[in-house]
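Chains as they are written, first to last, in numbering that gives the first Met the number 0: chain A, 0 to 105; chain B, 0 to 191.
Worth flagging that the hints you see were computed from the coordinates, not collected in a lab.
Computed from a predicted model, the values in this text were never measured in an experiment.
Beta carbons: idealized from backbone N, C-alpha and C, even for Gly.
No false leads were mixed into what you were given.
30 Å max Cα-Cα, derived DSSO-like pairs, lysine-lysine: (1) 10/A with 27/B; (2) 123/B with 17/A; (3) 10/A with 120/B; (4) 18/B with 57/B; (5) 17/A with 120/B; (6) 10/A with 123/B; (7) 127/B with 10/A; (8) 158/B with 17/A; (9) 127/B with 17/A; (10) 167/B with 10/A; (11) 27/B with 17/A; (12) 123/B with 167/B; (13) 163/B with 17/A; (14) 66/B with 127/B; (15) 57/B with 17/A; (16) 17/A with 174/B; (17) 158/B with 120/B; (18) 10/A with 174/B; (19) 158/B with 10/A; (20) 17/A with 23/B; (21) 167/B with 17/A; (22) 10/A with 163/B.
Distance windows between CB atoms, simulated: (23) 152/B with 51/A: 49 to 57 Å; (24) 26/B with 71/A: 45 to 53 Å; (25) 84/B with 17/A: 18 to 26 Å; (26) 60/B with 50/A: 28 to 36 Å; (27) 17/A with 173/B: 14 to 22 Å; (28) 76/A with 10/B: 37 to 45 Å; (29) 140/B with 42/A: 35 to 43 Å; (30) 10/A with 126/B: 14 to 22 Å; (31) 84/B with 52/A: 45 to 53 Å; (32) 152/B with 44/A: 44 to 52 Å; (33) 173/B with 36/A: 47 to 55 Å.
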Amino acid sequence: METNITDNMLKTFFSESKQEIANDGFTQRLMRELPEQADRGWIVWVFAAIGMAISIYLGITSGMIEYIMVIIKQIPVYYLLGGIFCLPLVGTAGFFLSQNKNYQII
Amino acid sequence: MSNADDIRWVTQVALLGDKNAFDKLATKYQSPIRRFFLNLTVGDGPLSDDLAQETFIKAYLNITAFKGLSGFSTWLYRIAYNVYYDSVRAQKHYEDIDEQIIDSQHQTLNAFSAEKMDIYKALKLLRKEEQTAVLLFYMEDKSHNEIARIMNCPLGTVKTYILKGNEKLTVYLTKEGYGNEYNRQHAENIFQ
Numbered sequence: 000m001e002t003n004i005t006d007n008m009l010k011t012f013f014s015e016s017k018q019e020i021a022n023d024g025f026t027q028r029l030m031r032e033l034p035e036q037a038d039r040g041w042i043v044w045v046f047a048a049i050g051m052a053i054s055i056y057l058g059i060t061s062g063m064i065e066y067i068m069v070i071i072k073q074i075p076v077y078y079l080l081g082g083i084f085c086l087p088l089v090g091t092a093g094f095f096l097s098q099n100k101n102y103q104i105i
Numbered sequence: 000m001s002n003a004d005d006i007r008w009v010t011q012v013a014l015l016g017d018k019n020a021f022d023k024l025a026t027k028y029q030s031p032i033r034r035f036f037l038n039l040t041v042g043d044g045p046l047s048d049d050l051a052q053e054t055f056i057k058a059y060l061n062i063t064a065f066k067g068l069s070g071f072s073t074w075l076y077r078i079a080y081n082v083y084y085d086s087v088r089a090q091k092h093y094e095d096i097d098e099q100i101i102d103s104q105h106q107t108l109n110a111f112s113a114e115k116m117d118i119y120k121a122l123k124l125l126r127k128e129e130q131t132a133v134l135l136f137y138m139e140d141k142s143h144n145e146i147a148r149i150m151n152c153p154l155g156t157v158k159t160y161i162l163k164g165n166e167k168l169t170v171y172l173t174k175e176g177y178g179n180e181y182n183r184q185h186a187e188n189i190f191q
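Next up, chain B with everything else stripped away, as it sits in the complex (with noise of 0.2 Å):
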């Protein structure tokens, strides 16, 4: 499914109000947006949900602001992220939730993989822009300069939320011996 189906079952929302075309938009976009939610709340998957509904919603009710200059994926995300800091500011989740509890439930409710606590643990790290500039370069594969339309900030402060997040998941990576093993699986394939 190509950008030309997104502007297709863009253009039958916004001209005809066709559900169905919103419907093949979000069951398209609704991993992507969805994960990306479930790494910038820690893996919090409830909560990850209402915000990926609480974006799709907006995008239906404003989807004729959609110009389509960026792809409608950017646009999508845009709201994403507008969505999650308006949820931050308001109930600040962040504060309020003992980071015991959520590593609980972590290991109960989710049963995530090692990687998958390592990788929240390694976010945990990072301030919150670097988390979003780090999850749209590496996990989404968003270029700099869609992440610096998406957080609506100039590209060479995307690029510093970028490599200091680099910088701070490296050493961490590197202490927990990630580092090594992808040397050795690095080293291993050039000399194969």
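Isolated chain A (complex conformation) (with noise of 0.2 Å):
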């Protein structure tokens, strides 16, 4: 009982004494300070790039590429082109969406 008396009083102690420190520009000191390193976004595109190539060869040797054109060309010309036009509009709104999770369209 008196250990459990103690221990509160000693949380209750270093809770008072607990502070937030504000950045005031620590981080931008600290990022300065940092050291450079090798830029190694290329790895993205080497990934990307054998992704693409793994994906066309699948494509093509399963006929699903010969298979999705097919289906695009039953397709009316008028809904191709109101898609394609679609295509900003929707990608404008997913990177915006991406960078701020906190956007509102409305």
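With the hints as a guide, bring both chains together as one complex.
Laid out in structure tokens, this is it:
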């Protein structure tokens, strides 16, 4: 019982002394001090290229691409054009949503 | 921001060297790490900022060593703990600095509250290991297991550090009248 009281007393004491420290440019100074490392962004492109090559290969060998082309040819041209013109809108909305999770369209 | 965010940012830094992801990690953890150092250095702001910066730079350079077995926070505190003890061993700050000068700096430059002064006076009564364990447990809300990982010592040793620190602090705080105030508030809460 007494241990609980002293434990709680210390928790209260420390929580009263606990403070959030404002950034005040600390991370900006830190980022300037970070040593330069080799840019490894090329890894994304290598994996993307490998993934694309595998997809195309599987699409051709399985006949999937041919099948998709047949379906596309059956779609009326106005629908296709409408879909193509909507792409920038969808892309822009997706970009804003990915950049800022709190973004609200309305 | 969850641990899943931490893992995503760590992966981006480790695989792509993405500094923006590291900036997000640093922004999230700057306050607890700087507070940890500020308490360990008994209120020396510039020194604690230098140590925090060194900690984050080491984390950035060795981020591929993070295996995700413990939380990123625990891993970061482990680095902070090593940085602090390396600093103490190398420079022996506390033996070289006159305590009178520190006290006057606290009162004039940092305008600390009475409670802040109390906590630093109380922490000075503890051994370095006890200070670290007590701060991690009471101030940073780390579990015994996490503290054992951070300090790289057995669980029983951590419990002993906390227990001894607890005893010394209780004696000090009771002597300063803090215990009476707490007991009065505690009693009021019970009877309300």
